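Participant: Make the full structure from the sequences, and use the hints.
2 protein chains.
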Amino acid sequence: MKIIVAGGDGFCGWPTSLYLSEQGHEVYIIDNLKRRDWDTELESQSITPIKTLEDRVNCWEETTGKKIKMYIGDLQDYDFLSSVFKEVHPDAFVHFAEQRAAPYSMIDREHAVFTQVNNVIGTLNVLYAMREYTPECHMIKLGTMGEYGTPNIDIEEGYITIEHKGRKDTLPFPKQPGSFYHLSKVHDSNNIMFACRVWGLKATDLNQGVVYGVQTHQTRKDPRLVNRFDFDGVFGTALNRFCVQAATGSDITVYGQGGQTRGFIDIEDTIRCIELAALNPPESGDFRVFNQFTEEFSVQDLAEKVYKITDNMNLNPNIVHLENPRVEKEVHYYNAIHTQLMDLGLKPHYLTDARLEELVKHVQENKDRVLYDKILPTIKWR
Amino acid sequence: MKIIVAGGDGFCGWPTSLYLSEQGHEVYIIDNLKRRDWDTELESQSITPIKTLEDRVNCWEETTGKKIKMYIGDLQDYDFLSSVFKEVHPDAFVHFAEQRAAPYSMIDREHAVFTQVNNVIGTLNVLYAMREYTPECHMIKLGTMGEYGTPNIDIEEGYITIEHKGRKDTLPFPKQPGSFYHLSKVHDSNNIMFACRVWGLKATDLNQGVVYGVQTHQTRKDPRLVNRFDFDGVFGTALNRFCVQAATGSDITVYGQGGQTRGFIDIEDTIRCIELAALNPPESGDFRVFNQFTEEFSVQDLAEKVYKITDNMNLNPNIVHLENPRVEKEVHYYNAIHTQLMDLGLKPHYLTDARLEELVKHVQENKDRVLYDKILPTIKWR
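Those sequence lines, one after another, are chains V and F.
Heads up: the first sequence runs through residues 6 to 387, numbered per our numbering.
Heads up: the second sequence runs through residues 6 to 387, numbered per our numbering.
No wet-lab data here; the hints were simulated from the structure.
Since we're looking at a predicted model, the values are computed, not measured.
Treat the hints with care, as some may be off.
Note that the list lumps identical chains together, so a pair holds whenever it fits in one copy or between two copies.
[Claimed, not checked] Only pairs whose alpha carbons sit at most 30 Å apart, straight line, appear in this in silico DSBU-like list of lysine-lysine:
(1) Lys379 / Lys334
(2) Lys7 / Lys71
(3) Lys352 / Lys170
Facilitator: Now the structure itself:
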C-alpha cells in the first residue's frame, strides 16, 4: 500500500513509518518539524538524542535498503498538501500531525488558539484533499481516549445505542474532553464524521490511550534510528516522568491522590494497530472508531509499578503527592471497551517489569540529557 | 444591566440591541460589519433597505433618547476585544457574532476554514476575555437546533440521562451537525462547556430554531431602523425564500419532498429569550442549554402555509419540488423539548396567517430589490 504518515518525525509517527516500511508498504512522511521547535520554545529536549529527520531516513535506507520519501511542510498549507496528494495518490493517510500535549494547549490563550487552529484546520485540509484527489483514500486519524473524559457509564467505541422515552437510536458517544487539546480532537472527530457522511469518504478514528515505550524492533536496528523520549512537564507522560524521577534519585510525583484511571498502550502495539486499520479499511462513507489501548491503570498504579522496579534496582525510590494542576476527577468509574482492534488480530504487549526496566535504563544511559527543572508541572488548568 | 451584543448589526443582533435598550439596559454593540461584506461578495442584498450601523444607532438615539455605544472590530482581534471588556465590564455578553449560514460554509474549502476559525476562535477569545476581565459576566451564546441533527429519539435541552449496562450518567446530548457551519457551533459548545467547568465561568447556550419575521416593535418606530430580510440561496431561510417567490410570481421551491422538520421562532420571541436568559443567569461554573424555538414545522408545512396566504391574496402561487442540495434525511422523527424558556416566562408568538401576510407584504413593498437570480440554491453539499 502507499501510505502517507503525517507527523512521521514524531514519537508515534517515526516508529510507525519504520514499521510500515519494513512490512513492505511504500511510506511517505509529511512533517513540518514543529515538534522540534516546541522543544526549543520550552527549552527542553528528548532524553534520547534523536537525529534530524533527513539523517534518520537516510540511515533507514542504509540499514534496510528501504526508501522513505519525506515532504517537509504544514497541513495548513493546502497548496503543499495538494501537491503531495497529487504526487503520491495514497491508499491510506495516517494522521499523527497534530499538537498533542494537553498542557501545551493550556499555557495561555495563544497556545489554545494555536492548538485548535493547527489541529482542526490541518485535518479539514486533509479531508478536502482526499475529496479532491483520492476519495478512495482511507484516513487513519489519531484521536485520544481523553476525548471521552470519565463518564459514569462504560465507554463504548465511538457510538452508543441509547433507549430514551420508548425510542432508540445509535448515536455518537457523548464526549467530555479535558483540555483545549482534547477538545481539538473532538472537533476533528466531528468534522471527519460529517465528511464521511456527506462526501462518502472513509476514516478510522483511533482513540488512543497513553503510549509508553521508546524503542521498537525497527528503531533498535541502529542508534541513529532511536525514537524520542519526552520527560518534561508539558510533553512527558506521567509514566515517563516517574521513570526519569526514579532513575535520577528524585521523588516520584503523583498529581493528587493518583486515582485517575486511563487506558495505556505499548508503542509496539500502536504501530501494529495502524497497520491493522490500514489493511482492514471501512466502507466508503463509514466513520469507524476504535479505542486503541490494551490495559487500564490508575496513576497511583503506575507510580507503584515504577517504585517496585526501581526499588529492585536499588535506586531508593520515593512516592510523593503534589497538588493536581489539572481539573479532573481523582475518584471515578472507568471501564472502556476496546475489542475491535483485538478482533482484527492485535496481540497486545503488556506493561511488564522488563518493559519498565528498559525505560528506566534508557534514562540512566542518557542521564546527562535530563533537565531537572523541566520535570515538574508549571502549567495550571484554573 | 450592562450588556454587550456582539454581532449587533445583524438580523438577530440589531433588534435584540434595540429591545434590550428599550427595556432599560445599557447596550454596547460589537460588530465587524462582515455581514455586509458577505452581501457584496455574494452580490446579494437585504430586501429591506437597511441603513449603516452608525445611522441606525443615531436614529435610535434621536427616536428614543437612548444611547447604544458601538465598537467596530473583530472578536478574533484579542487586543480589540480586551479593550472593550476593560471599558465596559459587562454583566452579560450576548454572542451573535458568527458566520451563520450553512450554505456559506459549504461553498468551498476556504469558506469552511473561514467559518470554523472565525466562529471557534472568536468564541474562544471571548472566553479568555471573560476569564481575564469579568469572570462574573454571563455569556449568552447563540447556538442552533441544527447542532442536534435528527436523532430517532427526543432531543433534550443540551443533556441526556443515559442508562447503560446497569449504570447511569447525565451527559452532553450527542450531536450530529449537518454542515461545517453547524459543526462550528458544536465546537463552540464543547469549548464553552469546558471553560465553565474549569474556570468557573457561566454561560447559556441558546440552541435556536429557524428565526422568521423582519420587524419588531422597536424597529417599527422609524423606517431607518428597519431590520434586514435575507432571501438569497445562501443566507435566506426556506420560509423567506417561499415568501419572496410567492410575492413575485415565482414557483415556491421545496427541497426534495419537504419532510425535513425543524423548530421555528419569531424574531419577537428571540429578543425576549435573550433578555430572559440575561435576567436569570446560571450559577458560576454552569453551562446551561436552552432549546430556543416555539413550534415545529416541516418544510412542506411552510410551503403550504405560504401557498394558502398568497392564494388568498390572489398571487396565484405554485409549489414545485427541487433536488435537495443538502445531505439530510427527508423523512425522520423529530421531537425536541423546549420548556426551560417557557418556564422562565416566555409567551410565544406563533406563526399566524397575519405574520406571514406581513412578511409577504414586506417583499411586495421592496419588490424592486429582489435579485431573482440569487434565490435558487447553487451550493451543493456533495
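Participant: Each hint: holds or not?
Facilitator: Results of checking the hints against the structure:
no. : hint            : result
1   : Lys379 / Lys334 : within (25 Å within a copy, 53 Å between copies)
2   : Lys7 / Lys71    : within (14 Å within a copy, 67 Å between copies)
3   : Lys352 / Lys170 : between (41 Å within a copy, 27 Å between copies)
Checked against the numbered hints above, the structure violates none of them.
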